[in-house]
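> Start from the sequences and build out the full structure, keeping to the hints where you can.
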Amino acid sequence: MNAPALFSTMAAALLLLSTLAQSQEAKRFEVAAWVDHFDFAYIPRDGVALFDTETVEGNSKVLDHVQEVGATTILWRNCAGSTMRYQSEVESHHQDAPLDKRRVPDSRPGWGWMRYGETEPDILGSAMEMCRDRGLRRGVHWPFEETHWATWTIGRWNMEHPQFWGRTADGQPWWGRVSLGHPEAVEHKLALVDELLERGIETLYIDTWRVGGWSPAYEYVDPVVEAFERQYGQAPPASPADPRWCRHVAGYVTDFLRQVRERLDASGRKIDLMVGVQDIAPIDEEVALRRGIDWTAWVDEEIIDTLVVINVRWDGEDPFGSTRRLYREVLDRVSGRCRVLLPVQAYDFSHLGMPSYQKATELGQDEVAKRLMRMAWEEGADGVSLECVDYNNYSAATRVALKALAEGECRWVQDN
Amino acid sequence: MRALCDLVVIPLCMGLGAGLCAQPLQLTSGPGDHTEAAWSPDGSRIAFQLAAEGGHRLCLLDMAGGQLTVLWDGPGDALYPAWSPDGRWIVYCHQNITTTAVQGIENGANLLVIPAAGGEPRRLTSGLCRDYVPCFSRDGESILFSSTRGSKQPSVGLYSVPFAGGDPREMILEDSQDVAFVEPAVSPDGRFIAHSFIAGFRSNWAVRLAKASDPTQAFSLTEPSRSCLSPVWSPDGRWIACTGYRPGDEGWGVYVISLPDGGMARLQTGPGNSRSPAWSPDGGSLVFENNRSGSYQLYSMPFVAPTIVAEGAVDEAGEAVGPVLHYSFTRAPGETVEDLSGTGNAGAVTGELEAGEGAVGFEAGGSIDVAAPKGLDFGTGSFTVSAEITVARHTETLRIIAVAQYPESPLGWQLYLNEEGQLWFNSRTPENLYVGARSDFRVPEGKRLSVLAYRDRSGKVSLVIDGALQQTAGTGAMLSYPHADLLRLGRQYNGGYVAEGVLLHEFQVRPGIPGRQERISRHLQEFLNP
Numbered sequence: 025m026n027a028p029a030l031f032s033t034m035a036a037a038l039l040l041l042s043t044l045a046q047s048q049e050a051k052r053f054e055v056a057a058w059v060d061h062f063d064f065a066y067i068p069r070d071g072v073a074l075f076d077t078e079t080v081e082g083n084s085k086v087l088d089h090v091q092e093v094g095a096t097t098i099l100w101r102n103c104a105g106s107t108m109r110y111q112s113e114v115e116s117h118h119q120d121a122p123l124d125k126r127r128v129p130d131s132r133p134g135w136g137w138m139r140y141g142e143t144e145p146d147i148l149g150s151a152m153e154m155c156r157d158r159g160l161r162r163g164v165h166w167p168f169e170e171t172h173w174a175t176w177t178i179g180r181w182n183m184e185h186p187q188f189w190g191r192t193a194d195g196q197p198w199w200g201r202v203s204l205g206h207p208e209a210v211e212h213k214l215a216l217v218d219e220l221l222e223r224g225i226e227t228l229y230i231d232t233w234r235v236g237g238w239s240p241a242y243e244y245v246d247p248v249v250e251a252f253e254r255q256y257g258q259a260p261p262a263s264p265a266d267p268r269w270c271r272h273v274a275g276y277v278t279d280f281l282r283q284v285r286e287r288l289d290a291s292g293r294k295i296d297l298m299v300g301v302q303d304i305a306p307i308d309e310e311v312a313l314r315r316g317i318d319w320t321a322w323v324d325e326e327i328i329d330t331l332v333v334i335n336v337r338w339d340g341e342d343p344f345g346s347t348r349r350l351y352r353e354v355l356d357r358v359s360g361r362c363r364v365l366l367p368v369q370a371y372d373f374s375h376l377g378m379p380s381y382q383k384a385t386e387l388g389q390d391e392v393a394k395r396l397m398r399m400a401w402e403e404g405a406d407g408v409s410l411e412c413v414d415y416n417n418y419s420a421a422t423r424v425a426l427k428a429l430a431e432g433e434c435r436w437v438q439d440n
Numbered sequence: 366m367r368a369l370c371d372l373v374v375i376p377l378c379m380g381l382g383a384g385l386c387a388q389p390l391q392l393t394s395g396p397g398d399h400t401e402a403a404w405s406p407d408g409s410r411i412a413f414q415l416a417a418e419g420g421h422r423l424c425l426l427d428m429a430g431g432q433l434t435v436l437w438d439g440p441g442d443a444l445y446p447a448w449s450p451d452g453r454w455i456v457y458c459h460q461n462i463t464t465t466a467v468q469g470i471e472n473g474a475n476l477l478v479i480p481a482a483g484g485e486p487r488r489l490t491s492g493l494c495r496d497y498v499p500c501f502s503r504d505g506e507s508i509l510f511s512s513t514r515g516s517k518q519p520s521v522g523l524y525s526v527p528f529a530g531g532d533p534r535e536m537i538l539e540d541s542q543d544v545a546f547v548e549p550a551v552s553p554d555g556r557f558i559a560h561s562f563i564a565g566f567r568s569n570w571a572v573r574l575a576k577a578s579d580p581t582q583a584f585s586l587t588e589p590s591r592s593c594l595s596p597v598w599s600p601d602g603r604w605i606a607c608t609g610y611r612p613g614d615e616g617w618g619v620y621v622i623s624l625p626d627g628g629m630a631r632l633q634t635g636p637g638n639s640r641s642p643a644w645s646p647d648g649g650s651l652v653f654e655n656n657r658s659g660s661y662q663l664y665s666m667p668f669v670a671p672t673i674v675a676e677g678a679v680d681e682a683g684e685a686v687g688p689v690l691h692y693s694f695t696r697a698p699g700e701t702v703e704d705l706s707g708t709g710n711a712g713a714v715t716g717e718l719e720a721g722e723g724a725v726g727f728e729a730g731g732s733i734d735v736a737a738p739k740g741l742d743f744g745t746g747s748f749t750v751s752a753e754i755t756v757a758r759h760t761e762t763l764r765i766i767a768v769a770q771y772p773e774s775p776l777g778w779q780l781y782l783n784e785e786g787q788l789w790f791n792s793r794t795p796e797n798l799y800v801g802a803r804s805d806f807r808v809p810e811g812k813r814l815s816v817l818a819y820r821d822r823s824g825k826v827s828l829v830i831d832g833a834l835q836q837t838a839g840t841g842a843m844l845s846y847p848h849a850d851l852l853r854l855g856r857q858y859n860g861g862y863v864a865e866g867v868l869l870h871e872f873q874v875r876p877g878i879p880g881r882q883e884r885i886s887r888h889l890q891e892f893l894n895p
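Top line first, the protein sequences correspond to chains A and B. The numbering of the first sequence is the working numbering, which starts it at 25 and goes up by one. The numbering of the second sequence is the working numbering, which starts it at 366 and goes up by one.
It should be emphasised that the hints constitute simulated quantities derived from the structure, not laboratory data.
Quick list of the computed label-pair ranges, beta carbon to beta carbon:
hint	chain 1	residue 1	chain 2	residue 2	range
1	B	Gly419	A	Arg398	53 to 59 Å
2	B	Ser394	A	Pro247	30 to 36 Å
3	B	Ala736	A	Gln255	43 to 49 Å
4	A	Glu222	B	Gly649	46 to 52 Å
5	B	Ser491	A	Leu214	41 to 47 Å
Some, not all, of what chain B presents toward chain A, calculated at C-beta under 8 Å:
hint	residue
6	Ala474
7	Tyr610
8	Gly824
9	Gly841
Idealized CB from N, CA, C, for every residue including glycine.
Here's what the structure looks like:
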C-alpha cells in the first residue's frame, strides 16, 4: 500500500471511529440530578453554614457535592410554587413578604431570609454557566403549577389575578392558585419559559408530581366548565373523580405542554422538554387522570422529548422484580417515541423511593441505588433521574456507587 | 422632608371636596406604585408608600393643595404608614437587608415612628423577625401590629408595643403553618379589633372581628367562598371597608360590610383592581389604590351607603324560598304539632314528650312523626335543615334529633349527636353512602344553639352553628331524594337512638341554602352586643 492509500485508509478508519464515538456519545446513559440550592441553604456545622446559596461560590460548592453522584445533567430548581429563585421580572420572590402583606412569610431561621431575587449575579444564570463550564447538560426543574403547601410560595401575579384562581365545584376559590383553563394564566407561564430560555437552558424539566394540591377538584372555572358543557351538553359532574371530567381537565395540561413545546421550538435552539410523572405503572389511566395528567397523550403526540418516571408503584412482596416489570411496561408503552429516565429516588413522599426499598429489602441505600440504576440500564432506559440530590441524602457510599456505574458499566445506553 | 417633583398630582377632587365627586377621582400619578394610603386624623393629608428604584419611600399628599412630599427616603423599604390619633406621628414598617442570610442579618422588618412634620425616625421594635402592618390604639399609647416574632412555623400573630418604647406583648398567636392574624384595625369605641385572618394552605383570607379584651373571642365576618382582607373601620363604627374578591368579580375590589347585620356590598370603583381602602376622618370618602393605569395610583370617592341586597335563602333558580315544614315549641304541643309553613306537615306526637321553657324534650322516648311529609322531595337539589337546640346534658350514646326516611334510603338525611357529643348532619351519595358535616367542638351543655345544616347543589354538606361555618364538611352527597316516607324528630326511624337530654326549640326544613344574612346576622349582633 502506497503512502497516499495508507493515509486514505487511515483517514477512513479514523472517520469511522469518530462516527462510532459520536454515536456512542449521543447515547451516554444520563444521570439527571434534580438540584435545589434552597435545600442546601441552612446546613450548619459548628455554627457555620456550609453553603452560602446566595453567592456563586456557595452554589459552586453545591454543584461539587451534586457531581459526586456522577451527574451528567443538572436540573436546577427555578422556583417554589410561583415565587422565583432568580431575578425574575415576571414573578415575585421568596423574600417578598412583608412587602406584600397578602403572603404569610416563611419564618424559618435561615430559609426565611433568602433573597434569591436580589442576588448578583442572577443565580439561575450563573448556575447554568457553571454547568456549561463543567461540561454538564444544563436544565431547569420547574414544578408544575403550584407546588408546596405554604402560602409563601404564592406569586404576585397569581395574587393580583383572583379572577383566574381555581375553584371547586361548590364555588370556593382557591387562594392564589390559578387555573390553566384561563389563557391569561398560560400566557403568564409562557413568559416565565422565556425567562428560563434567556438563562441558557438546554432542558426544561416540568415536574407534574409536585402539584401541591392541584387537581381536577379545583378546575371548575368558567372556561373549563363551559367547554365541558359544549362538549357533553350537560353540566360537569360534581365529583372531581368522574373519569369524563378528569379527562376533560387533563386536556388543558396537554394543551399547556403543547404551547410550551411551541415556545421552546420558537427559540431556534434545540431545547429538550422533559416531563415527570409519578405512580404511572401499572399503567392505569384512571389514576393518572385523577391528577389531571394524560402522559400517554404527550408521548403519542410527540410533545415531549423525555418522559421522567418519578416513581413506580412496586410491590412490597417483590420489590425489584415488580419494579423491573413496571419499567418494562413503561418502556414498551413509550416504544422509543421519546427518551425515558427511570427513578433512583431519594425522596420518599409516596413511600415508593429508596427508603421504602431499603425497608422492604433490608439492603443499604448504596446497594438499592446500584440495583435500581443497573436495572434501568439493563432495561434500555436512557438514564436515571435522582430526586433530589440534597446534602448527603444520597449517602457518601451511594454517591461513590452511582458514579462508578455512571462512568463504568452503565456509561452507554443499552441498545436493546 | 422635601417636596417630590417626579410625581404629578391630579387635584380634581381637592377644591371641590371629595363628597361632590360622583366617580372615583385619581389623586396621584407618576412612576411606581402608590399604595397603602392612610388619611390623617384632621383630614388634611394622606400618607402612603411609593415604590421607587431601590425601595419604598414614605410620602404625604396634601389634600388642599395637592402637594406631595417625601417623609422618608432612606435605604430599604418603608411600608404601611399609620397615623397616631393626634396626627403628630406616623408608625411604619422598615426593612433594609444588605447581606446574605449566611453572612448574618441583625434586624428584619421592624417598626419605626417618625414625626409627621418630618424628622428622624425612632426605632420601636428590633430583631430578626417581620413586624408589619401597624396601627395605633385609640388612646395613642400603644401600637398594634402583626409579627412573626413568636413563630416557629410560617405563622403571624398580633402584638402590641408601647408607643413610648418597651417590649412587645403577644396578643394572639396560633403557631401553625399558614395561620396569620394580619392588619389589625381598632374599632372607634376601642372594643373590637378587625383583622385579616387565614388558616391554612387551602383557605382564603377572611375579615374577622376580635374582642380587644380577649382576641381569642372572634367572629368571622366573611366566609371561605370569598377572599377578604385589609379591614378598616368607618369613623362612626357602622361600616368596615376591606379588599375583597368573590367568584364572578373581575378582580379585587373594595367591599363594605355593614354592622351590626353583616350585609356586604362591592363598591363601584371602576376598572382594574381596587385595594386597601381607608376612610376620611368624617367618613364621607374612601381613598384606595387602583391599577387601571398600569400601576397602582391613589383614588378617592365619596362614600354613599350602598343598599345591601339581603342574600336570603334561594332555590336552584335563585328564587327566594320558604320552609316546607316549620315547628315552634314556644308553646307546648298537644297531640299534634302545628306546621307554621302552611304546607300541611303537622306532626303527630308519639309517646311522651317533655315540654317547657319554649322547648320539647325526648327523654321519655317520645317523638314527633310526619308520615309522607310534603315538600321533602328535593331531587338532587339543595335543602336546609335549621334547628334551635339545647343539649341539657351529654350521654355517651348516639342521639338522633331528626331523620328523614326515603323509600330506598331509610337514613336519607339526619341531624344527630354522636357518642362524643359532636353535632353531625349527613346526606348521601347516589350510591347511598354517608356524607357528613361535623361540629368543630363538643356541644356545650345548657347553651341554646342555632344550627343550620344544608346540602348545596354541588353535593356539599355544611353545618353552621351560631353563625360559624364548621370546618368539617362533606362532598359528593348527590342522592336524588324522592317523596319521603317519614320525618321523625327525637329518635331513629326504627325507634332507637333516643335524643335524651336534647331540647328542641325550633325546627324547619326547606329547599335551597341559607343566605349570608341568615347565617351570620343575628349572631353578629349578639357578638357585638352580648
